[in-house]
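Colleague: These are the residues of each chain, in order.
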Amino acid sequence: MSMDGDNLIEIRNLTFRRGSKVIFDDLSLAIPRGSIAAIMGPSGTGKTTLLKLIGGQLRPERGEVWVDGVNVHKLRHAELYELRKRMGMLFQHGALLTDLSVFENVAFPLREHTRLPESMIRDLVLMKLNAVGLRGARDMMPAELSGGMARRVALARAITMDPRLVMYDEPFTGQDPITLGVLVRLIRSLNDALGLTSILVSHDVAEATSIADHVYVLADGKVVASGSPEDVNGSDSPWVRQFMQGLPDGPVPFHYPAPPLAGDFLGEASGKEKSA
Amino acid sequence: MIRLLAQLGQRAQEALARLGRLHLFLVSLLPALPSGLLRPRLVVDQLFHIGVLSMQIILVSGLFVGLVLGLQGYNILTTFGSAESLGVVVALSLVRELGPVITALLFAGRAGSAITAEIGLMKSTEQLGGMEMMAVDPLKRVVAPRFIAGFISMPLLAAMFSAVGVLGGYFIGVGLLGVDPGAYWSQIESRVDFHEDIVNGVIKSLVFGAVAIWIAVFEGFDCVPTAEGVSRATTRTVVNTSLAVLGLDFIMTALMFNV
Numbered sequence: 001m002s003m004d005g006d007n008l009i010e011i012r013n014l015t016f017r018r019g020s021k022v023i024f025d026d027l028s029l030a031i032p033r034g035s036i037a038a039i040m041g042p043s044g045t046g047k048t049t050l051l052k053l054i055g056g057q058l059r060p061e062r063g064e065v066w067v068d069g070v071n072v073h074k075l076r077h078a079e080l081y082e083l084r085k086r087m088g089m090l091f092q093h094g095a096l097l098t099d100l101s102v103f104e105n106v107a108f109p110l111r112e113h114t115r116l117p118e119s120m121i122r123d124l125v126l127m128k129l130n131a132v133g134l135r136g137a138r139d140m141m142p143a144e145l146s147g148g149m150a151r152r153v154a155l156a157r158a159i160t161m162d163p164r165l166v167m168y169d170e171p172f173t174g175q176d177p178i179t180l181g182v183l184v185r186l187i188r189s190l191n192d193a194l195g196l197t198s199i200l201v202s203h204d205v206a207e208a209t210s211i212a213d214h215v216y217v218l219a220d221g222k223v224v225a226s227g228s229p230e231d232v233n234g235s236d237s238p239w240v241r242q243f244m245q246g247l248p249d250g251p252v253p254f255h256y257p258a259p260p261l262a263g264d265f266l267g268e269a270s271g272k273e274k275s276a
Numbered sequence: 001m002i003r004l005l006a007q008l009g010q011r012a013q014e015a016l017a018r019l020g021r022l023h024l025f026l027v028s029l030l031p032a033l034p035s036g037l038l039r040p041r042l043v044v045d046q047l048f049h050i051g052v053l054s055m056q057i058i059l060v061s062g063l064f065v066g067l068v069l070g071l072q073g074y075n076i077l078t079t080f081g082s083a084e085s086l087g088v089v090v091a092l093s094l095v096r097e098l099g100p101v102i103t104a105l106l107f108a109g110r111a112g113s114a115i116t117a118e119i120g121l122m123k124s125t126e127q128l129g130g131m132e133m134m135a136v137d138p139l140k141r142v143v144a145p146r147f148i149a150g151f152i153s154m155p156l157l158a159a160m161f162s163a164v165g166v167l168g169g170y171f172i173g174v175g176l177l178g179v180d181p182g183a184y185w186s187q188i189e190s191r192v193d194f195h196e197d198i199v200n201g202v203i204k205s206l207v208f209g210a211v212a213i214w215i216a217v218f219e220g221f222d223c224v225p226t227a228e229g230v231s232r233a234t235t236r237t238v239v240n241t242s243l244a245v246l247g248l249d250f251i252m253t254a255l256m257f258n259v
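Protein sequence lines correspond, in order, to chains A and B.
Residues in the first sequence are numbered consecutively from 1, following my numbering.
Residues in the second sequence are numbered consecutively from 1, following my numbering.
There may be inaccurate statements among the hints.
To be verified - Covered by chain B, per the in silico footprint, the following chain A stretches (three or more residues, Cβ under 8 Å):
# : region
1 : 136-146
2 : 198-206
Claimed, not checked - Heads up, incomplete: computed chain B residues facing chain A, CB under 8 Å, no partners named:
# : residue
3 : S35
4 : L38
5 : T125
6 : M134
7 : P181
As the list claims (entries may be wrong) - Between beta-carbon pairs, the in silico distance windows are:
#  : chain 1 : residue 1 : chain 2 : residue 2 : range
8  : A       : L58       : B       : M252      : 39 to 45 Å
9  : A       : V70       : B       : S124      : 52 to 58 Å
10 : B       : L16       : A       : H113      : 56 to 62 Å
11 : A       : R122      : B       : L246      : 47 to 53 Å
12 : A       : P32       : B       : V224      : 36 to 42 Å
13 : B       : Q56       : A       : R18       : 44 to 50 Å
14 : B       : R232      : A       : P177      : 35 to 41 Å
In case anyone wonders, no lab produced these hints; they're calculated from the structure.
Built from N, CA and C at the ideal position, the CB exists for glycine as well.
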């Protein structure tokens, strides 16, 4: 079975578990070409795991992941690596190679996969660095960069090979407001200028919904809401409302499951606590 | 009692699983080695980090071991009136045993632990995962050059260790204790056999080098990607390499010299 040509990514009936914990339970979703899809959900819902499944770094227990017309988990090692050349991924902490300068980090995929002359590599790298506003930081080492700069360098590296798809893993976490604004704008403008398809994994509701064309909210291994940001924001589901509006209590309780309060304070310490 | 047995069983199971992963890792690493050889610049970089930077500790240790061998050897040999054999005692001890073994132990402590920590930290900071997603195989880009460089460095370091040790014995025996310099060198020349002693010593150092670097890269690649995981992996590299080298030394000595 092939996939709909309008979609760059299709996930069908995906089931994945870690140990006995079910991460995805019969999950299906599709991401149209040229769009930005935000995958949202509370911590621990497997958003990063979903990116790793799309990138072929993890294998599902059941179900299929189709990217650009191919079933990712049916590919041989070499074919998977060919497909990955058409994907860029921005890791949560940048994942820059710490022994290489900013310039060399961005040049890394070109040096590994092409035999371009040095002058062309230089031009390409400077263009990508210019696109993220860090052409002047080319000689710095990753340890000298702020978190936001590191993420922008990683973004420049992710688009070096002119991929069809860029996956962003929590790009906004821990960023100051200025960097946040820069990243939000960059993701949208790069997507449109380069004709990319972007998957944005995030739990920063305001930022993600401000640039996404399509939003998927995940919980308990399933898609609990999907549609345009406006649709999801106006959802009737109390759970989705709690998540989108950041309410402390609701269907997702504030307290982790615990024995009754009075019994816990007045009762005996459990065996484990005693031995500690 | 039952709990103790269960714990023991679990430990044994974990150790066996780790041993299995160690060998599976080698199976996946071997096909990646030729591509490491095709990238000499990366191997040369690692030769510097693994080999050249280990020279200081290897040379100093070799010198001191040679000095001690000279002192001890002289004391024992004079009781039999054969102090002129000092050169042979020092040279054979070093070439056959101490050179390969002590170099491998120092190599595990100096270079092996550094490689494990480096690869482990690359794993925990998602650098290895990042490479995979850039369609770059970390086994080819990161592990293979280190493995090749370690494999080349170890026998050379062992040879340096032995050579400096023989000189150390010379300084003590000839320089301080009055052994005849001609006797020191001529005894070495006549009694140290190329095949029996030197080739066997080189084989030992090749095997120890391969084992030491194999364990070091595996532990880094296999570690739990946390601060504690990397620290444990580094410790395991030093401990497991030491045990493996000493165990293999016994087996190889039995096969080479006594059977």
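Colleague: For every hint, state whether the structure bears it out.
Modeller: Quick rundown of the hints versus the structure:
1. 136-146: Since three or more residues must qualify, the claim that chain B covers the region 136-146 of chain A is violated, with 0 doing so at under 8 Å.
2. 198-206: With 0 residues in contact (Cβ-Cβ under 8 Å with chain B), the coverage given for the region 198-206 of chain A is violated.
3. S35: 11 Å, violated
4. L38: 12 Å, violated
5. T125: Hint holds; T125/B Cβ to chain A Cβ min 7 Å, cut 8 Å.
6. M134: 5 Å, holds
7. P181: 48 Å, violated
8. L58/A - M252/B: 39 to 45 Å: 42 Å, holds
9. V70/A - S124/B: 52 to 58 Å: 31 Å, violated
10. L16/B - H113/A: 56 to 62 Å: With Cβ atoms ~39 Å apart, the hint is violated.
11. R122/A - L246/B: 47 to 53 Å: Cβ of R122/A to Cβ of L246/B: about 52 Å, so the range 47 to 53 Å holds.
12. P32/A - V224/B: 36 to 42 Å: Holds - the Cβ-Cβ distance for P32/A and V224/B, about 39 Å, lies within 36 to 42 Å.
13. Q56/B - R18/A: 44 to 50 Å: 46 Å, holds
14. R232/B - P177/A: 35 to 41 Å: Holds - the Cβ-Cβ distance for R232/B and P177/A, about 40 Å, lies within 35 to 41 Å.
When held up to the earlier numbered hints, the structure conflicts with 1, 2, 3, 4, 7, 9, 10 and fits the remainder.
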